[in-house]
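Undergrad: Start counting the sequence shown at 12; every next residue gets the next number (our numbering).
Just so you know, these hints were derived from the structure itself, not from any lab.
All values derive from a computational prediction rather than experimental measurement.
Every residue gets a Cβ at the ideal spot worked out from N, C-alpha and C, and that includes glycine.
Do not take every clue at face value.
[Said to hold, decoys possible] If you anchor each label on the Cβ, the simulated ranges turn out as follows:
{"id": "1", "residue 1": "His122", "residue 2": "Asp37", "range": "17 to 23 Å"}
{"id": "2", "residue 1": "Leu34", "residue 2": "Asp104", "range": "27 to 33 Å"}
{"id": "3", "residue 1": "Asn65", "residue 2": "Lys118", "range": "14 to 20 Å"}
{"id": "4", "residue 1": "Leu34", "residue 2": "Glu110", "range": "14 to 20 Å"}
[To be verified] For lysine-lysine, the following BS3-like pairs were computed, each having C-alpha atoms within a straight-line distance of at most 30 Å:
{"id": "5", "residue 1": "Lys102", "residue 2": "Lys44"}
{"id": "6", "residue 1": "Lys118", "residue 2": "Lys44"}
{"id": "7", "residue 1": "Lys118", "residue 2": "Lys28"}
{"id": "8", "residue 1": "Lys118", "residue 2": "Lys102"}
{"id": "9", "residue 1": "Lys83", "residue 2": "Lys102"}
{"id": "10", "residue 1": "Lys28", "residue 2": "Lys83"}
{"id": "11", "residue 1": "Lys28", "residue 2": "Lys102"}
{"id": "12", "residue 1": "Lys118", "residue 2": "Lys83"}
{"id": "13", "residue 1": "Lys44", "residue 2": "Lys83"}
{"id": "14", "residue 1": "Lys28", "residue 2": "Lys44"}
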Amino acid sequence: MKAHNTFYMDCHLAGRKYYDADLVWDYLRIGSKLRLEREITNPHDPYAVQVIFNHDGEDYLLGYIPRTDNQKLAAFLEMGWDDIFDCRISKLDPETHPEQQVQLTIKIMRHKENKTDKKQAK
12 MKAHNTFYMD CHLAGRKYYD ADLVWDYLRI GSKLRLEREI TNPHDPYAVQ VIFNHDGEDY
72 LLGYIPRTDN QKLAAFLEMG WDDIFDCRIS KLDPETHPEQ QVQLTIKIMR HKENKTDKKQ
132 AK
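Let the sequences and hints guide you as you build the complete structure.
TA: Written out as structure tokens, the structure reads:
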């Protein structure tokens with residue numbers, strides 16, 4: 012049986028109208044991969060987690076994980092577990108309020124065994 016990525020959370024993109032989303036709106040798609048980065052120096056939220064979209068090699072800050080949902084995620088990122096999360100756009104709705112226009116789904120990626128792991132397991 013093949014293990015799949017594990018659902019972690021759904022949330023909206025907070026602050027969407029204040030950052031770079033308008034610059035790359037035409038390139039955003041359902042399923043677009045996003046990167047999560049901890050912003051320790053954020054003066055407004057001690058658990059701030061940035062949501063970043065890379066387009067043509069340039070990073071764009073789309074917004075943040077909402078402060079009501081970011082504390083545990085921030086802790087994982089601070090511990091260096093940023094490579095286990097798969098964050099993707101799950102809904103785009105330009106007709107609704109800006110804070111509800113972009114929905115995110117975050118999953119925990121399954122562990123990819125390497126050859127050394129398989130040999131040790133035998």
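Undergrad: Is Lys118 within 30 Å of Lys44, Cα to Cα?
TA: holds (11 Å)
Undergrad: Straight-line Cα separation of Lys118 and Lys83 no greater than 30 Å?
TA: Measuring from Cα to Cα gives roughly 14 Å; hence the hint holds.
Undergrad: Is the straight-line distance between the alpha-carbon of Lys118 and that of Lys28 30 Å or less?
TA: Holds, because 25 Å separates the two Cα atoms, which is no more than 30 Å.
Undergrad: Next pair to validate is Lys118 with Lys102; report whether the Cα-Cα distance is within 30 Å.
TA: Distance ~15 Å between Lys118 and Lys102 Cα, so the pair holds.
Undergrad: Between Lys102 and Lys44, is the straight-line Cα distance small enough, at 30 Å or below?
TA: This hinted pair holds, its Cα atoms lying about 13 Å apart.
Undergrad: Cβ-Cβ distance between Leu34 and Glu110: within 14 to 20 Å?
TA: holds (18 Å)
Undergrad: Cβ-Cβ distance between Asn65 and Lys118: within 14 to 20 Å?
TA: holds (19 Å)
Undergrad: Between Leu34 and Asp104, does the beta-carbon spacing fit 27 to 33 Å?
TA: Hint violated: Cβ distance 19 Å, outside 27 to 33 Å.
Undergrad: Check whether the Cα positions of Lys28 and Lys83 lie no farther apart than 30 Å.
TA: Within the cut-off at roughly 25 Å; holds.
Undergrad: Tell me if the straight-line CA distance from Lys44 to Lys83 falls inside 30 Å.
TA: holds (21 Å)
Undergrad: Just to be careful, I want the Cα atoms of Lys83 and Lys102 compared with a cutoff of 30 Å; is the pair within it?
TA: With a Cα-Cα distance of about 23 Å, the restraint between Lys83 and Lys102 holds, given a limit of 30 Å.
Undergrad: Holds or violated: the 17 to 23 Å window for the beta-carbon distance between His122 and Asp37?
TA: The hint (17 to 23 Å, Cβ to Cβ) is violated, given that His122 and Asp37 are roughly 36 Å apart.
Checked against the numbered hints listed earlier, the structure breaks hints 1, 2; every other hint is satisfied.
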